[in-house]
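*Asks:* If you want the building blocks of each chain, they are given just below.
Number of protein chains: 2
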Amino acid sequence: MDLSPDWVVGFTDGEGCFYVGINKHPEMKVGYQVLPEFRIVQHEKDIQVLYALKIFFQSGVVRKNHEDRFELRIRKLECLLNVVTFFERHSLKTKKNVDFKKFARIVRWINEQKHLTTDGLIEIIKTASEMNRADKPKAAMILKILTQT
Amino acid sequence: MDLSPDWVVGFTDGEGCFYVGINKHPEMKVGYQVLPEFRIVQHEKDIQVLYALKIFFQSGVVRKNHEDRFELRIRKLECLLNVVTFFERHSLKTKKNVDFKKFARIVRWINEQKHLTTDGLIEIIKTASEMNRADKPKAAMILKILTQT
Chain A
490 MDLSPDWVVG FTDGEGCFYV GINKHPEMKV GYQVLPEFRI VQHEKDIQVL
540 YALKIFFQSG VVRKNHEDRF ELRIRKLECL LNVVTFFERH SLKTKKNVDF
590 KKFARIVRWI NEQKHLTTDG LIEIIKTASE MNRADKPKAA MILKILTQT
Chain B
490 MDLSPDWVVG FTDGEGCFYV GINKHPEMKV GYQVLPEFRI VQHEKDIQVL
540 YALKIFFQSG VVRKNHEDRF ELRIRKLECL LNVVTFFERH SLKTKKNVDF
590 KKFARIVRWI NEQKHLTTDG LIEIIKTASE MNRADKPKAA MILKILTQT
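Residue numbers (our numbering), protein chains in the order written: chain A, 490 to 638; chain B, 490 to 638.
Just so you know, the hints here were simulated from the structure itself, not pulled from any lab data. Glycine included, each C-beta is placed from N, C-alpha and C at the ideal position. Among the hints, erroneous ones may be present.
[As the list claims (entries may be wrong)] Here are some, though not all, of the chain A residues that point toward chain B, as calculated from beta-carbon distances under 10 Å:
| no. | residue |
| --- | --- |
| 1 | Leu492 |
| 2 | Pro494 |
| 3 | Thr501 |
| 4 | Asp502 |
| 5 | Gly503 |
| 6 | Pro515 |
| 7 | Gln531 |
| 8 | Val538 |
| 9 | Lys585 |
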């Protein structure tokens, strides 16, 4: 299956998700880990579209999401940098682009190792908490802890 | 907002819906009316994408769907014939294409006025009942009535 950049943008406008997870991580100096990921979920009948997207982005893993749903998930930093460059060159048309721009900032900050300092992490979590699918109460709680230390 | 054909295909693979409604209609000789429609639903924050699609297809109406959701709905036969021609030239990549092909057959049959004869209507309802979002029990009931007469 051959995918064009515009098809990938249209499909991502419909089905893609830019997400930044924030988890406790005692091994990290700042105590928290930020995990940005790009994800597209499909019913198993369209798993071949996920594999075509994996080839298109030359990255990611196709795995079970939930019940009869599968996902392509891209988490590796160097791969996410490529995803970010792609969607900067080929703009999303929906309001998902607002989320994407925050996601892009976070991925670049992580690449610059900003997440390893408390100030950088605070900035990242603040930006992540403004995203559509953010767990806002959790982000607020972590920000409270980080700004107290 | 300028949309390319490939973007429209990708977005439709994600968000589009090809649907054929079947309703009782005492004024029609065969007693039933078939109503094919192409629909794309979005949250109200992306209503401008629906208007851009309306311009792209040069047809349809943007209307409230449910609560904070809006839809572009195309129902006019000559407009649906254009939609069908578009997606025949620019193939959907997901399994939605299977549904689309049935939808395309039905739209063409209606254009040939097949739905005005009982045999034609039976063929249309049989095809519609095999589609993804079909109300299969309703279709089976109507088919039973039509094949008894």
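*Asks:* Against this structure, judge whether each hint is valid.
*Replies:* Right, here's what the structure says about each hint:
Proximity of Leu492(A) to chain B holds as hinted, the smallest CB-CB distance being about 7 Å (cut-off 10 Å). For the restraint placing Pro494(A) at the interface with chain B, the shortest Cβ-Cβ distance is roughly 8 Å, inside the 10 Å limit, so the hint holds. Hint status for Thr501(A) relative to chain B: holds, with the closest Cβ pair at about 8 Å, below 10 Å. Checking Asp502(A) against chain B by beta carbon gives a least distance of about 6 Å; that is within 10 Å, so the hint holds.
Nearest Cβ of chain B to the Cβ of Gly503(A): about 2 Å, under the 10 Å cut. The hint holds. Nearest Cβ of chain B to the Cβ of Pro515(A): about 39 Å, over the 10 Å cut. The hint is violated. At its closest, the beta carbon of Gln531(A) sits 7 Å from a beta carbon of chain B; the interface hint therefore holds under the 10 Å criterion. For Val538(A), the suggested interface contact is upheld, since its CB lies about 6 Å from the closest CB of chain B, less than 10 Å.
Because the beta carbon of Lys585(A) sits about 8 Å from the nearest beta carbon in chain B, less than 10 Å, this interface hint is met.
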